[in-house]
Every structure is written in C-alpha cells, then in structure tokens.
Amino acid sequence: MRFRDSLGSVAKALESISTWTEMHSSAKAKTLLAAIKDGEFLVTIICLADMLAHTLPLSRLFQRQCIDVRTAKNALVDTMAVLDKRRVDSAETFSQLYKDAVVLADELETEIRSPRITKRQTYRCNAPMPDVESYYRTAVYAPLLDNVLTDLKSRFTVEAESAYELFLFVPSQSHATKEDDKKYLANISGRYSAFMGTNVSTTAKMAEAELGLWRQKWMREAEDGREVPTTAAGALDTCDREIFPLIHTFLQILATLPRSLS
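No gaps in the numbering here: position 43 of the sequence shown is 43 in full-length UniProt numbering, and each next residue is one more.
Just so you know, the hints here were simulated from the structure itself, not pulled from any lab data.
Keep in mind that this is a model prediction, so the values were computed, not measured.
Hints should not be assumed to be uniformly reliable.
Claimed, not checked - Here are the simulated lysine-lysine pairs, BS3-like style, with alpha carbons at most 27 Å apart:
#: 1; residue 1: 182; residue 2: 205
#: 2; residue 1: 37; residue 2: 12
#: 3; residue 1: 73; residue 2: 153
#: 4; residue 1: 85; residue 2: 99
#: 5; residue 1: 183; residue 2: 73
#: 6; residue 1: 153; residue 2: 85
#: 7; residue 1: 183; residue 2: 153
#: 8; residue 1: 73; residue 2: 205
#: 9; residue 1: 99; residue 2: 12
#: 10; residue 1: 205; residue 2: 183
#: 11; residue 1: 73; residue 2: 85
#: 12; residue 1: 30; residue 2: 12
#: 13; residue 1: 37; residue 2: 99
#: 14; residue 1: 73; residue 2: 182
#: 15; residue 1: 73; residue 2: 178
#: 16; residue 1: 178; residue 2: 217
#: 17; residue 1: 28; residue 2: 12
#: 18; residue 1: 178; residue 2: 205
#: 19; residue 1: 217; residue 2: 182
#: 20; residue 1: 205; residue 2: 217
#: 21; residue 1: 183; residue 2: 217
Take these sequences, add in the hints, and give me the full structure.
Laid out in structure tokens, this is it:
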C-alpha cells in the first residue's frame, strides 16, 4: 500500500535517472519506467492495495504472541465473508478500483489500455471484453480474489484452526465460557489423548480438573501482584510438570508450533 502511494515519486526518480549520460543506469530506468506505466501493472497495484487493506487486520491478529481462539476464528470467518461478497459483487466493487487506477495512470501521464487480443493465447487472459474495465475485472481482479480466498481456505484448515484451541491453557486467555471450555477440552483430548496413554474421556476429565486448578493458581498469583504469562513459552516455564502433567504437555505442543500456522 505504501508502494502505491509513493509510485508517483518513484516514476519521477526513474524519469530523472533515464536522462543520465551513464547508459547502463539510464537504460534500466527507462525499462522500469515503462513497466510501472503499464496498464495491467497499475490495475494490479490498485487491486492488491485494496486486498491488503481487507486482510491487514487478520494479519496483525495472527502475529500476536497470544491469540484468543474465538476472536481469531471470528476474524478469519468475517474476512473471508467480506472477500466472498466482493467477489460476488465484483462488477460493482471493481468499478471504483478501476477509477482509482485511471487516476493513478493520469498522475503518471499514461493511460490504461487492454492488450491486443489474438486468436490463440497461452500465457495470459485472452477473453474478448466489451471495454477495458471489463477486461481487467475478468483478467486481474476476479482471479486475484479467487486466489486469496483459496489460499486462506488452504492455510487455515480445520486442523490449523484447532491448534489454536491450545491457547486455552495460557493463563492470560482464561476468559472463555464453561461451554467453550468443555468444547475445547473435548477436541483437545480427542486429538492428543494418544500422547497421554489414556482414553479420550479420561483425558478430558483430567484436563478439566487440571485447568480448574491452573486457573485458580493464576487468579491467586494475579491478586498477589505477580505477572500472568501471556505466551505459551512463558506459561510452560511456570508450569510444574508434577502438578499439571497434561497442561505441561499441551503447552509444550503449543510452544513448539510455528509462530504462524499459516
């Protein structure tokens, strides 16, 4: 998005360099200047900036050290719903983006044209369209939306989402409801009971008992003015394996997961 805002300054710098007597630099500047004034490039930059504006909140959320399970899941669902709606209403949503691209092209003293259509084309969209806007909506905007939606669905699978349920055992995430607790504990026990050497039902009951004691411990610690861990690693350092064997194992699993499951 910052690159889009500074594109005019970039173009001016390249225009200045293209007048140099040093041939190597001036030739490269002319090539780059022609590239950034290309209609498809300008439309793509505008579309990407719009896409990133919609996914930036989700990106920031998933870069936190500790993520609330419900908030993370709801944010993902909401983001995908917004992108899905923009895909359905692509004719309307792209109209403003195309106008922005035209304004940007005017700033760079160029214009947006659709490429030449041939009878046979292998490496780019070759669909005949009634106007330039329709061409770029079909060739750039719609495929970009489809790609982002497909990527989100493939990265945030049910298995990936379920791993975030382990944040239940991070002390700072102790505001889940009892219904959420039971659901998360049942899911976690079903996935990891094999590591505990017990069946799912027994693991769930033991985990529920440990969780109650674990939360009580941190309520007391907080009342005494001690800092409550906000990360899996911090919680693991303070978790007594003899008293909380299941929680210790769950925190080990959580602490060794990639920073971003995407």
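We went through each hint and held it up to the structure:
Between residue 182 and residue 205, the direct Cα distance comes to roughly 10 Å. Compliance with the 27 Å bound is thereby established for this hinted pair. Of the pairs offered as hints, the one joining residue 37 and residue 12 holds, with about 12 Å between alpha carbons and a cut-off of 27 Å not exceeded. Simply put, residue 73 and residue 153 have alpha-carbon atoms about 12 Å apart, close enough for the 27 Å limit, and the pair holds. With a C-alpha separation of about 20 Å, the suggested pair residue 85 and residue 99 falls inside the 27 Å cut-off, and the hint holds.
A distance of roughly 15 Å separates the Cα atoms of residue 183 and residue 73; the hinted pair therefore holds under the 27 Å criterion. Straight-line distance between C-alpha atoms of residue 153 and residue 85 comes to about 15 Å, which keeps the hinted pair within the 27 Å bound. Of the pairs offered as hints, the one joining residue 183 and residue 153 holds, with about 23 Å between alpha carbons and a cut-off of 27 Å not exceeded. Distance check on the hinted pair: residue 73 and residue 205 sit about 26 Å apart at the alpha-carbon level, within 27 Å; holds.
Our distance criterion of 27 Å between C-alpha atoms is met by residue 99 and residue 12, whose separation comes to about 22 Å. A C-alpha spacing of about 12 Å is found between residue 205 and residue 183, which places the hinted pair at or below 27 Å, so the restraint holds. At roughly 18 Å between alpha-carbon atoms, residue 73 and residue 85 fall within 27 Å of each other, so this suggested pair holds. Distance hint between residue 30 and residue 12 is fulfilled; the C-alpha atoms sit about 11 Å from each other, no more than 27 Å.
With a CA separation close to 16 Å, the supplied pair residue 37 and residue 99 stays within the 27 Å bound. Distance restraint check for residue 73 and residue 182: the Cα-Cα separation of roughly 17 Å lies within the 27 Å cut-off, and the hinted pair is therefore satisfied. The hinted pair formed by residue 73 and residue 178 meets the criterion: a straight-line CA distance of about 18 Å does not exceed 27 Å. Only pairs whose Cα atoms come within 27 Å are accepted, and residue 178 paired with residue 217 is accepted, the gap being roughly 18 Å.
With a C-alpha separation of about 14 Å, the suggested pair residue 28 and residue 12 falls inside the 27 Å cut-off, and the hint holds. Of the pairs offered as hints, the one joining residue 178 and residue 205 holds, with about 14 Å between alpha carbons and a cut-off of 27 Å not exceeded. For the hint pairing residue 217 with residue 182, the CA-to-CA distance comes to about 20 Å; that is within 27 Å, so the pair holds. Restraint check for residue 205 and residue 217: satisfied, since their Cα atoms lie roughly 19 Å apart, inside the 27 Å limit.
The straight-line distance between the Cα atoms of residue 183 and residue 217 is roughly 22 Å, inside the 27 Å bound, and the hint therefore holds.
Figure legend: structure checked against the earlier numbered hints; every hint is met.
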